[in-house]
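Colleague: Sequence:
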Amino acid sequence: MTSPAGPPPTGGGSEQQRWKLLAVTACPTGIAHTYMAAEKLAQAAASRGIDMKVETQGSIGAENILDDNDVSTADGVIVAADKDVDLSRFVGKRVLTVGVAEGIHHPEQLIERVRSAPVHTAGATPAASASGGGKERSVAYKALMNGVSYMIPFVVVGGLLIAISLSLGGHTDPSGGLVIPKDSFWMDINNIGVIGFTLMVPILSGYIAYAIGDRPALVPGMIGGWIANTGDLYDSKAGAGFIGAIVTGFLAGYLVLWIKKVKVPKFVQPIMPIIVIPIVATTALGLFFIYVIGKPISWVFEHLTDWLSGMTGTSAILLGAILGLMIAFDMGGPVNKTAFLFGTGLIATGNQTVMGMCAAAIPVMPLGQGLATLIRKRLYTEQERETGLAALFMGCFGISEGAIPFAAARPAQVIPANMLGGAVAGAIAGVAGVEDAVPHGGPIVAVLGAVSGVPMFFVAVLIGTAVTALTTVTLVDVSERRRRGAAPMAGLGVAGPLEPALVGVGAGAAAGGAAGAVVAQRVVASSSAPAAEAAPAGTPNVGDTGAGKKANADADTNTGAGTKAAGIPAAEADGEVLSGYLSERTVKIALEARDKEAAIREMAELLARTGKVADLDELVATALRREEQGTTGLGEEIAIPHAKTDAVTRPVVGFARSAEGVEWGSLDGTKARLVFMISVPEAAAGDEHLRILALLSRKLMDPGFRERLIAAPDEGAVLEVLSEVR
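If you read the sequence shown in UniProt numbering, its first letter stands for residue 1, the second for the next number, and so on.
Since the hints were derived computationally from the structure, they do not count as laboratory data. Among these hints, one or two may not hold up.
Calculated lysine-lysine pairs in the DSS-like style (CA-CA distance at most 30 Å, straight line) [what the hints assert, rightly or not]:
hint	residue 1	residue 2
1	53	699
2	377	53
3	377	260
4	612	699
5	671	699
6	263	182
7	377	671
8	20	612
9	588	671
10	266	295
11	53	20
12	377	20
Let's have the full structure, built from the sequences with the hints guiding it.
Modeller: See the structure below:
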């Protein structure tokens, strides 16, 4: 239970000492920015004698969670986040919402502004921060990314199960079609995948609505999405697909917000969010879609089919291009299905060339988007790159829905690229006279012998895929450059688009990353386990497993305390910090290199002193490949190059100082004087990579800590300073 916010404290002295603030920090990828903002806010509050507790919502889960007692005694709350944060627990408190980068760059201003922030009320939608801090993502963007991030697992699971069942249990049928025997094991696998695809669209709609209108909007959003995807309810063979789901998601969310504003008697208020709002919103949205939106959709696509039927005698290139555009537009939606059903219907008449055009265009979208994540990795988050690999697999089996997460997240860039690639593939197949005897597409139909003109079929698919991929990365790159140009930020970069991956990608995004963003933002390591505490100073070098390190750290706590009590610095006692990953052997006072590549090689040679580097050249090559994705210069004269590679046998960290600084491409223009290099084996990349980055990111935001590192006269003194990282 929260108490209403009173007027902000006035005066100074002991009265200000009693002022208490809370904060929540979160970035879509949940690594560096989350912890940097937390550290900066805590430092700014401490310098003003203000008590502050900061909850971090990172990739490793929420830490330092704000409980009811914290909220009840707080005078204000700062939410510095680029993803959705549940604000319902802060009802009655002054809440200031800004982007996570504001927490890093202007923590003092946020503390001043929260004094006059509006009081958060039940069901209210947080407004973007006032002038001076407008870096927060828009509500619509966050909502879209939230839906995308929750939809992605359904796309991947459903698509891969269908693809596996088709590849292992499917065959061409003489009567037409790629079929799986009804009573076979693979039909059951296929049915499970179909369920995943069936739920995909309602999930997208439901979680868009949820991000806007909170829990009361979830039911109308999901049911609205189901209605949009079920064309039979409004006499449409195709349904409205994922585009219809986006429409219903936003309609449901804002409809619920409007209903919440209606004044009702007090005795009705408790049942509003669980009964009245969901029922009213679901009924109104469902009927609106069926009777108002659905009928025109059905009419449009019936006439579109008739128009296509009249084009069969025209140029094969033009018809193929038009069908490719339609197939690629909404990937399983009504436009796609209209073209697909048109091609399917002509198979029975003996005309298999139209289906050949469709079959060549069908795999281009997932293959193109998957290829894009490989050729320009720096533009995509880790989650997007993983989705890209799944999309490549789905594309091989003619599952165009594999590209939907990319189209939903970046429609302005992805849909035009998809359509261009689809049109090229369809036109090439048309002019080459490619035929397809079954109502399916993708390389799988050619492998199973259903396609005539196989060489040209693959030429069409490959060229269309390349066009889609190259157009996508070009448009996304241009979009990112424009966004950064419109909202330039000194120092550390802001999160990229799909980082919101969101978010809820929320996904969005995701939804999320961008070129030039901070290294640690882009290093997304998923871990379901909570972050391990850094081992206390004095912990000896222990085994490789996270559990082993934690157990030994706990066992050695008294030893570390004892050396500290005796006046002996813990780092000096055993010469190792960061759970033994960084030792005196991996510290160098004077970095000799003058450029980035030479510095990385020198750092790799430093790590090799430990005997944990099995292949020095491969370690250097991996670190340099990582730099190609985007600079690892964090700004503030810091760089953290890193590599996940089996060229090292155990996690190892090195540190070196450069008197003149090395040009590292940092966004704030500073040269790197403090260089950390982290390398972990692939098997340890999840927990250890993320934990080390989080610990360093948080501590390096302390100017005093950086000054002590620069001033330390020798390796032992450096280790003593670095022992504070925990």
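Colleague: Give a verdict on every hint.
Modeller: Against the structure, the hints come out as follows:
The straight-line distance between the Cα atoms of residue 53 and residue 699 is roughly 17 Å, inside the 30 Å bound, and the hint therefore holds. Distance check on the hinted pair: residue 377 and residue 53 sit about 36 Å apart at the alpha-carbon level, beyond 30 Å; violated. Proposed proximity of residue 377 and residue 260 is contradicted: the alpha carbons are some 43 Å apart, above 30 Å. A threshold of 30 Å between alpha carbons decides the hint, and for residue 612 with residue 699 the separation of about 26 Å falls inside it, so the pair holds.
With a CA separation close to 19 Å, the supplied pair residue 671 and residue 699 stays within the 30 Å bound. With a C-alpha separation of about 55 Å, the suggested pair residue 263 and residue 182 falls outside the 30 Å cut-off, and the hint is violated. Simply put, residue 377 and residue 671 have alpha-carbon atoms about 25 Å apart, close enough for the 30 Å limit, and the pair holds. Distance check on the hinted pair: residue 20 and residue 612 sit about 47 Å apart at the alpha-carbon level, beyond 30 Å; violated.
Of the supplied pair hints, the one linking residue 588 and residue 671 holds, its CA atoms being roughly 18 Å apart against a limit of 30 Å. Straight-line distance between C-alpha atoms of residue 266 and residue 295 comes to about 40 Å, which puts the hinted pair past the 30 Å bound. At most 30 Å may separate the alpha-carbon atoms for a hinted pair to count; residue 53 and residue 20 meet this at roughly 8 Å. Using a Cα cut-off of 30 Å, the hinted pair residue 377 and residue 20 is violated, with the two alpha carbons roughly 43 Å apart.
Comparing the model with each numbered hint stated earlier shows that hints 2, 3, 6, 8, 10, 12 do not hold.
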